[in-house]
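Novice: Chain order of the listed sequences is A and B.
Under the numbering used here, think of the first position of the first sequence as 109, with each following residue one higher.
Under the numbering used here, think of the first position of the second sequence as 109, with each following residue one higher.
Note that these hints are calculated values from the structure, not bench results.
Check each hint, because a few of them may be wrong.
A pair counts as met if it fits within one copy or between any two copies, since identical chains are not told apart.
[What the hints assert, rightly or not] Simulated pairs of lysine-lysine, DSBU-like, Cα-Cα distance not exceeding 30 Å: (1) Lys463 / Lys299; (2) Lys149 / Lys516; (3) Lys216 / Lys149; (4) Lys570 / Lys463; (5) Lys459 / Lys169; (6) Lys210 / Lys149; (7) Lys463 / Lys216; (8) Lys570 / Lys459; (9) Lys422 / Lys149; (10) Lys216 / Lys422; (11) Lys299 / Lys210; (12) Lys169 / Lys516; (13) Lys210 / Lys422; (14) Lys570 / Lys149; (15) Lys216 / Lys459; (16) Lys210 / Lys463; (17) Lys463 / Lys422; (18) Lys149 / Lys463; (19) Lys169 / Lys210; (20) Lys210 / Lys459.
Number of protein chains: 2
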Amino acid sequence: MNIIIDRASPIPIYLQIKQQIRDRIVTGLLPPGYRLPPERKLAERLDLNRSTVLNAYHELKAAGLVESFVGRGTIVLETEETDEGAGEVTDSASAPAPLYWKPMLTAKAAAESSSLIRDLLALPKRQDAVSFGVGVPLPEPELLEELQQMAGRLFTEDRGEVMLHSPVEGRASLRQALCDRMRDRGIRCPKEEVIVLSGAQQGLDLIARTLLSPGDCVLAEEPTYFSALQTFRAAGATVIGVPVDEDGRLRLDAMESLLRSYRPKFIYVIPSYQNPSGRLMDASVRESLLHLAYRYRTPIVEEDPYGELAYGEKSPLPIKAMDEHAHVLYIGTFSKLLGPGMRIGWIAAPKPILKVMGRMKQLNDLHTNSVAQKLLDAALREGAVDRHLARIRTLYRARRDEMCAALKRYAVPGMQWDVPMGGLFLWLRLPGGVNVQELAVRAADRGVDYIPGAPFFAEQPKGSYIRLNFARADIERIGEGIRRLCAAVEDAMEGPEVTGEREQEGTIPIV
Amino acid sequence: MNIIIDRASPIPIYLQIKQQIRDRIVTGLLPPGYRLPPERKLAERLDLNRSTVLNAYHELKAAGLVESFVGRGTIVLETEETDEGAGEVTDSASAPAPLYWKPMLTAKAAAESSSLIRDLLALPKRQDAVSFGVGVPLPEPELLEELQQMAGRLFTEDRGEVMLHSPVEGRASLRQALCDRMRDRGIRCPKEEVIVLSGAQQGLDLIARTLLSPGDCVLAEEPTYFSALQTFRAAGATVIGVPVDEDGRLRLDAMESLLRSYRPKFIYVIPSYQNPSGRLMDASVRESLLHLAYRYRTPIVEEDPYGELAYGEKSPLPIKAMDEHAHVLYIGTFSKLLGPGMRIGWIAAPKPILKVMGRMKQLNDLHTNSVAQKLLDAALREGAVDRHLARIRTLYRARRDEMCAALKRYAVPGMQWDVPMGGLFLWLRLPGGVNVQELAVRAADRGVDYIPGAPFFAEQPKGSYIRLNFARADIERIGEGIRRLCAAVEDAMEGPEVTGEREQEGTIPIV
């Protein structure tokens, strides 16, 4: 391999090396499986510092072109592009050949990104599997019937305006309905401070695009919603997990010291029946957190998909409701109440930042689809959403109780959990000896699914967890599902431990 | 105003000045309406070059904090933030006060961005105005009736799966339907190479996010779709306009020399009945363009919203149909055929790049809303889309003819246009003497609307144009609308010129 170094060139030497090796891989001169010279050897031959060659190899790895294997050295990888014939270019420099896309990607697009949700959506299931997995409800017949009735006039009323553009910020009537709904939870904001979103995920994405530059930092509860982690990280930010104490309360002392040390762009929280932990942040912690935000002049991004799904007392007021100094961006969604298919969420935020997000949304998708906006507006105004909520509160509470009862019956020694007071999730700590890869296989075999806990952690988790959606399965199958799950856990573990349901109200101890 | 310059600081002096003035504005020390010292004076006082102070003031203007007014000097503006009390912070450093958001924004979010579409969506109209403006069709009653029928079983069939998640890439059945439809236009691709989008705009955005880094370059026809310009520019790219010749043919010589000189990330084209020019790129140009793309190993982004709206002969095959070496990303949409309210588009692209876009889409909005996907799938499979297309081809052709006839009747000397062979748009060159700002006011007064041409140009346009959507107005009002328009043009002009309809098939000469 004859690398030529031009020391007079403005291009750094490691990039010159990378470029020349890359060209040979792309053009097929260095075929898949080819072993690059050891770094030390190449450095000697070129009379360079070894770290320069190391850097070049590192770049090639980042580009997905080579990989280092212990004992085998650094090997040229089979890339999708060469599979499809990008190598043809060797025959004749001018012959057309498929493009080699990887070097064209932006840094964000090239970044490795796990796609947990996508994989889950595509997952094949045993016919009789009991699903505690995906974090969304199943459609209930009464709701479907009510929606069907409203859909019966969607296209014929208002001269088909449902086929036309909506404003970027959303239909005025829906924005007002959202404000009315928020007012019931103590949030007073005019409709000018609300944008209708194509689902809450778009809110996370717009916030990332608007506020996060590479190198920025975000503070979040530990654990937290993995899609938020993914989104903030994809924007180049580092997410620092803020621990909870033994009673599951957010550690405000840790929060303050992190605020002071890292000057984060914002604090991300899900105060009510959190995903994945099911935790409820109490009113006093909410208030203290808000005052920390004031003191450190740091915005709070509050996501609240579950706040209305309380199975005992109402949940405390959202932080947004206490905010008197325009520090809180509040994201709501109907995906967890009605179902995710309509993709309608919203964000309520101070005007200066909302204006910028509106511009970003316009560049993203012009506006949220008018069909779902009009339908949801009708469902809100005609009471269908409230009637549905009343029904599912009863339904989901019963399912939660059933799951907790089944866990008491079947729990494997070492399992720990709290009874969630609302929302969809029970957060189960597994016994110490469980092999989580093994568990995934065993549970699929036995026909039960769940979401593994690891992706929800910003830092290295202490202990293994899984998230169970108790609201999703038929009540008469929940016991069987938990039985299967516990059997799978036993299959996948080595040693015994102590079991027990923890006291009410508190949550999982993770530190 | 006591500015302190630290010549030993690594911070450039103009930024030191900017920072100190900014701080005083934000904290309220310099109130709205305060007049900054004239640049020359401040430069003298600080013993600096005047251009240093100029730069500082320029930065303050860019941040929206001050503005220069002729005769009044440079004045501190009322910012939204200070309106809302950000100034309070002067009373006590620790008292809570609304955040000052501007310094928190990412570069992209902070970038000035015109919001032409948003402004248009919000524009108040004269009650009896004739609309040649917004580039989308109005709902037709037969289509609405057919859609209403399909919507009548949307929520009750398939156990309400419409309320559930769809795959990130779209519902398999809709992806297949899109492939079938593309095959009728000569494009052969498996459904694995298609992603359903939340409107074509999301496709432009995903492409920008995936391929464009600041400093990149894109080649586009001149003029081109302004929202594409906005999107690519918001990603930090420079768009270079490629001129057409006197017959409206894309100048391939110019294209090649730009490919050679600027190594663009991709070429963006709308070959069929382009927005805004109505131009049709002929088959031989399409083929030559593709071969240029092969030769320079540069992807083509082909947008094709209007290709099926042909009023005479069928349009030539899309470039994607000729692509044998995976160079073309093809974006389709139903917004221009059915109406934009459903927000459904799609992208067909080579697998390696499509995979990355899927990851980006997941982070953006998880997936496109299931309601509109299911509805559109039914409309495609049950023939409603084709029946609608057959109807509107006749309807829109008649409207086009009516507009051309009215233009012949009322045209002001100096106006030039081509008869568009398909699509929605007639691109009208205005006589030399027209004041376009004046025209906007006059046209609104007289009750007719259109889209001004300037935002469609990447470079400085030669001559003034407006875009007329001939498909939008009732046929019996088109003549009146053109009469009003021509009267408004006469109001807004100074000198006479030569009029004339140009020959068929060719398009507007803009170089």
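Novice: Next step is simple, just say for each hint if it's right about the structure.
Specialist: Against the structure, the hints:
no.: 1; hint: Lys463 / Lys299; in the structure: within (13 Å within a copy, 38 Å between copies)
no.: 2; hint: Lys149 / Lys516; in the structure: neither (59 Å within a copy, 79 Å between copies)
no.: 3; hint: Lys216 / Lys149; in the structure: neither (33 Å within a copy, 44 Å between copies)
no.: 4; hint: Lys570 / Lys463; in the structure: neither (41 Å within a copy, 34 Å between copies)
no.: 5; hint: Lys459 / Lys169; in the structure: between (44 Å within a copy, 20 Å between copies)
no.: 6; hint: Lys210 / Lys149; in the structure: within (28 Å within a copy, 52 Å between copies)
no.: 7; hint: Lys463 / Lys216; in the structure: both (25 Å within a copy, 14 Å between copies)
no.: 8; hint: Lys570 / Lys459; in the structure: neither (41 Å within a copy, 39 Å between copies)
no.: 9; hint: Lys422 / Lys149; in the structure: neither (68 Å within a copy, 63 Å between copies)
no.: 10; hint: Lys216 / Lys422; in the structure: neither (41 Å within a copy, 41 Å between copies)
no.: 11; hint: Lys299 / Lys210; in the structure: between (44 Å within a copy, 22 Å between copies)
no.: 12; hint: Lys169 / Lys516; in the structure: neither (47 Å within a copy, 64 Å between copies)
no.: 13; hint: Lys210 / Lys422; in the structure: neither (51 Å within a copy, 37 Å between copies)
no.: 14; hint: Lys570 / Lys149; in the structure: neither (40 Å within a copy, 61 Å between copies)
no.: 15; hint: Lys216 / Lys459; in the structure: both (29 Å within a copy, 18 Å between copies)
no.: 16; hint: Lys210 / Lys463; in the structure: between (35 Å within a copy, 11 Å between copies)
no.: 17; hint: Lys463 / Lys422; in the structure: neither (33 Å within a copy, 43 Å between copies)
no.: 18; hint: Lys149 / Lys463; in the structure: neither (57 Å within a copy, 36 Å between copies)
no.: 19; hint: Lys169 / Lys210; in the structure: within (12 Å within a copy, 38 Å between copies)
no.: 20; hint: Lys210 / Lys459; in the structure: between (39 Å within a copy, 12 Å between copies)
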